[in-house]
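Residue numbers (the working numbering), protein chains in the order written: chain A, 1 to 150; chain B, 151 to 570.
To be clear, the hints were calculated from the coordinates, so they are not data collected in a lab. Just so we're clear, the structure is a prediction, and the values are computed from it rather than from any experiment. Misleading hints may appear alongside valid ones.
Below are the PhoX-like pairs computed for lysine-lysine, each with C-alpha atoms no more than 25 Å apart in a straight line [what the hints assert, rightly or not]:
#1 A:Lys34 / A:Lys23
#2 A:Lys141 / A:Lys34
#3 A:Lys84 / A:Lys23
#4 B:Lys560 / A:Lys20
#5 A:Lys84 / A:Lys112
#6 B:Lys478 / A:Lys21
#7 A:Lys20 / B:Lys301
#8 B:Lys272 / B:Lys242
#9 A:Lys21 / A:Lys82
Quick look at which bits of chain B chain A covers, simulated, 3 or more residues with Cβ under 8 Å [stated by the list, open to error]:
#10 375-387
#11 417-431
#12 501-510
We put the CB at the ideal spot given by N, CA and C, even for glycine.
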Amino acid sequence: MSDVRELRELYQEVILEHSKKPKNFRAIETANHKAEGFNPLCGDHFTVYIDVQGGAISDIGFQGSGCAISKASASMMTQMLKGKTETEAEGIFTKFHDLVTGHAGDGQDMGKLAVFAGVSEFPLRVKCATLAWHALRAALKGDQEAVSTE
Amino acid sequence: MSTVAKFPERIHAASTYDLQKVRKDFPILHQTVHGKPLVYLDNAATTQKPLAVIEAIENYYRRDNSNIHRGVHTLSERATEAYEKVRAAAQKFLNAADTKEIIFVRGTTEAINLVAQTYGRKNVGSGDEVLITAMEHHSNIVPWQLLCEEKGARLRVAPINDRGELQLDEFEKLLGPKTKIVAIGHLSNALGTINPVREIVRLAHAHNIPVLVDGAQAAPRMPVDVQALDCDFYALSGHKIYGPTGIGILYGKAKLLEAMPPWQGGGDMIASVTFDKTVYNRLPYKFEAGTPNIADTIGLGAALEYLNSLGLEQIEQHEADLLAYATKSVEAIPGVRVVGTAKEKAGVLSFVMEDIHPHDIGTILDTEGIAVRTGHHCAQPVMQRFNIPATARASFGLYNTREEVDALVKGIRKVQEVLG
Chain A
1 MSDVRELREL YQEVILEHSK KPKNFRAIET ANHKAEGFNP LCGDHFTVYI DVQGGAISDI
61 GFQGSGCAIS KASASMMTQM LKGKTETEAE GIFTKFHDLV TGHAGDGQDM GKLAVFAGVS
121 EFPLRVKCAT LAWHALRAAL KGDQEAVSTE
Chain B
151 MSTVAKFPER IHAASTYDLQ KVRKDFPILH QTVHGKPLVY LDNAATTQKP LAVIEAIENY
211 YRRDNSNIHR GVHTLSERAT EAYEKVRAAA QKFLNAADTK EIIFVRGTTE AINLVAQTYG
271 RKNVGSGDEV LITAMEHHSN IVPWQLLCEE KGARLRVAPI NDRGELQLDE FEKLLGPKTK
331 IVAIGHLSNA LGTINPVREI VRLAHAHNIP VLVDGAQAAP RMPVDVQALD CDFYALSGHK
391 IYGPTGIGIL YGKAKLLEAM PPWQGGGDMI ASVTFDKTVY NRLPYKFEAG TPNIADTIGL
451 GAALEYLNSL GLEQIEQHEA DLLAYATKSV EAIPGVRVVG TAKEKAGVLS FVMEDIHPHD
511 IGTILDTEGI AVRTGHHCAQ PVMQRFNIPA TARASFGLYN TREEVDALVK GIRKVQEVLG
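Same shape as in the complex, but just chain B:
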């Protein structure tokens, strides 16, 4: 895992990363916004797509488009092979034990809802508890609230400290016989905090409690090994790992997935159907009812291949260097305060400015061609924890440069000039 403190040692490693070549792979980056070169720093919301992804989707529709797992004709065979190849690539990407543990879903949100509605409905009952943390995205809060409401269960929330780090001792105290599942983010989208997932899993497993990890922000920023983490579920979104929207991955341990009831019914998820009885298909198809998002799955495959070609370790080092540089530069501006100062952090720099609302920061930065997110980042409880209505957030991607960080700093000074 990366730490900002290690950044001086990383300069050598980062220098092998050919940033200018990487930037050429992303057509969208080469444009001006309001007459200024685009500085895209909203990667935690969604990432841009390399040409390889755009072309993979286009080629699929031009050459191979067909329904999968059905026809005996050539196009169907090609489409099926391409689709299943991505499953194998996803297995390698996460180091899952088996391809049947990879389920294609619409995104992280759908993955979490799937687990809440199947594993959750089956295993969480009246008086039971679901444990999350105070830094979760709404998508890792609301599906559990819905479940708890339905079952008469209780949502428990492990607190975070003023740096935005999970208070592990408090977390441990909340684990007990009533806890039926733990759901935690790997990397906080609002604060950038990296959670000690391995340790969290160890603590939960000591009580035989399974752990779901929301990996939406971690997957694009660090190598993920689900077997090393020993987590039971891992969810991620394609569009945050430089792939298309509308496709994501749910990893689940086979033993758990086998025991779970299906989620949606329909074609592809069945082995046989009569009006008396339906036998469900084997994993992973049990959880993939209906014609899936084939084109975007193939686009996701191109994204995984692209990330592998650069190397997740290299990307992690590049972003650690950039975050350290950005943190130092932004903190040095008087009147600016960074929110989220965890020791283990990646990719995200949230900040507030004295007497200036984040919305106004966002508008003025936009006129400088700089795209940042302003608001509560779908994490209203995090804003409440820090007693602020919103933050401005710069979030980095594999193609961002130190020059772009300099542009951000210049932009922040412009904000102060206009509104000061």
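Looking at chain A on its own, in the form it has when it is part of the complex:
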């Protein structure tokens, strides 16, 4: 059944592992950037903490609650972006967004994030996959208000 295959594509082992045991799942007291992401439709809610030193992300963490897709995405985002410059982070955000909305092929050049390619088959879940990323962007921009998917 193609649907079962699509489901396996969406809930890949890597995604399930990250959702159960998220990396960098912690508040960073010394963070100089911080923003909340909120999906009012389902109640998913994350706070992203970033410490930027000399134009690069020296530390990044997140806290909050959400579905497997949103949590795994947040977890892998923090792994991917540690050590990256703000410009690099912005570039990865754009690529990731294209990937989950089906505009970037199979995501070969996305490294581990390629596991999220399956999200494009589930349009209603794109907001889950990008929630923490939108919070990240808001944090880097220094927005004070919580970002909302709606």
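Given chain A, work out where chain B should sit, using these hints.
Then chain B, alone, in the frame of chain A:
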């Protein structure tokens, strides 16, 4: 009122309900989703429409379409007659004392806003209180918040217990000289709790406080008698009682409606207009400004007729049987917890799963052809009360079957398999 505990006695009664025949009346049910037969368990969000409703709307546009209460020509007369016939049917459906107590609105939300903006604005002042419960839908919270903000009044909230039942003693303590109106749901969309409306009304009336009942979820699931309940306002949505979207009913006691200022101004709600003075039309037209949603009102009429043909008691028994069966089946799955376990309950089964977010449950069930709602169900305070971000909710309708409940159980096991 139904209780899940009574379910064994109901088997005989439920067996007279011809479910297979009923299902044939709903064209939409006979399709596959992701290659599986559709199992539609999102009836608290909206119900599907029987062919009679679909055809009534089509026939209206094909044959009778015209503006009402205006023309002297034949089509206008036909349209007006059809429209007013639905008002009479709605009066019977709710057992209102008079057709003038039936006001057509866009839905439950609009009905509640209408009362808040007219009765509320006139009678609620600075320092006064509006009393609701902790299990309300956002549509029975926010209109009152807006009113309170405008008037400098205070919104009071009667608490619920861990089963999701209103704490009636606490509710009673909150009634006082400052309370100007009570607004309560008849049946909670998030928890399935049936509120003891008659008792609530009795307590409020002892203080001369009127009661508005949000009947969106109760109206499709049990016979409603507004005179027996003695409530002052009753609001419901057409699309939740197997009729179209965009049409609903506000019932109000004539005495209260007469004393209320109009809400929206325009055509049809006036008796005479000059630039100096406008005399408002009599009830119910005072509250129906502009050309109304005629086609969907006629569709609603077909829905009421359809429900009457099956019998609300029969529907209530069928759904009570189904809810009891579903509750037993879902509770038996390890790692699943039902949220909302009131003694008096109907139609709604909210649940959470250990370490699995409702959103993921919803996606996986969808690939099995099963439609459930996941999220906060427009009742965020209820989620906060139970300290959960969201639930998955199966809600039943008059056409659902035990086989569909079995499919849900199988689907939940699949969720555990995929995400476990």
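How the hints compare with the structure:
1. A:Lys34 / A:Lys23: holds (17 Å)
2. A:Lys141 / A:Lys34: holds (10 Å)
3. A:Lys84 / A:Lys23: holds (17 Å)
4. B:Lys560 / A:Lys20: Holds - the C-alpha atoms of Lys20 (chain A) and Lys560 (chain B) are around 23 Å apart, at most 25 Å.
5. A:Lys84 / A:Lys112: holds (15 Å)
6. B:Lys478 / A:Lys21: violated (32 Å)
7. A:Lys20 / B:Lys301: violated (48 Å)
8. B:Lys272 / B:Lys242: violated (30 Å)
9. A:Lys21 / A:Lys82: At roughly 18 Å apart (the allowed maximum being 25 Å), Lys82 (chain A) and Lys21 (chain A) satisfy the hint.
10. 375-387: Since 0 is below three, the answer is violated.
11. 417-431: Not satisfied, violated; 0 residues make the cut.
12. 501-510: With 6 residues closer than 8 Å to chain A, the region 501-510 of chain B meets the three-residue bar; holds.
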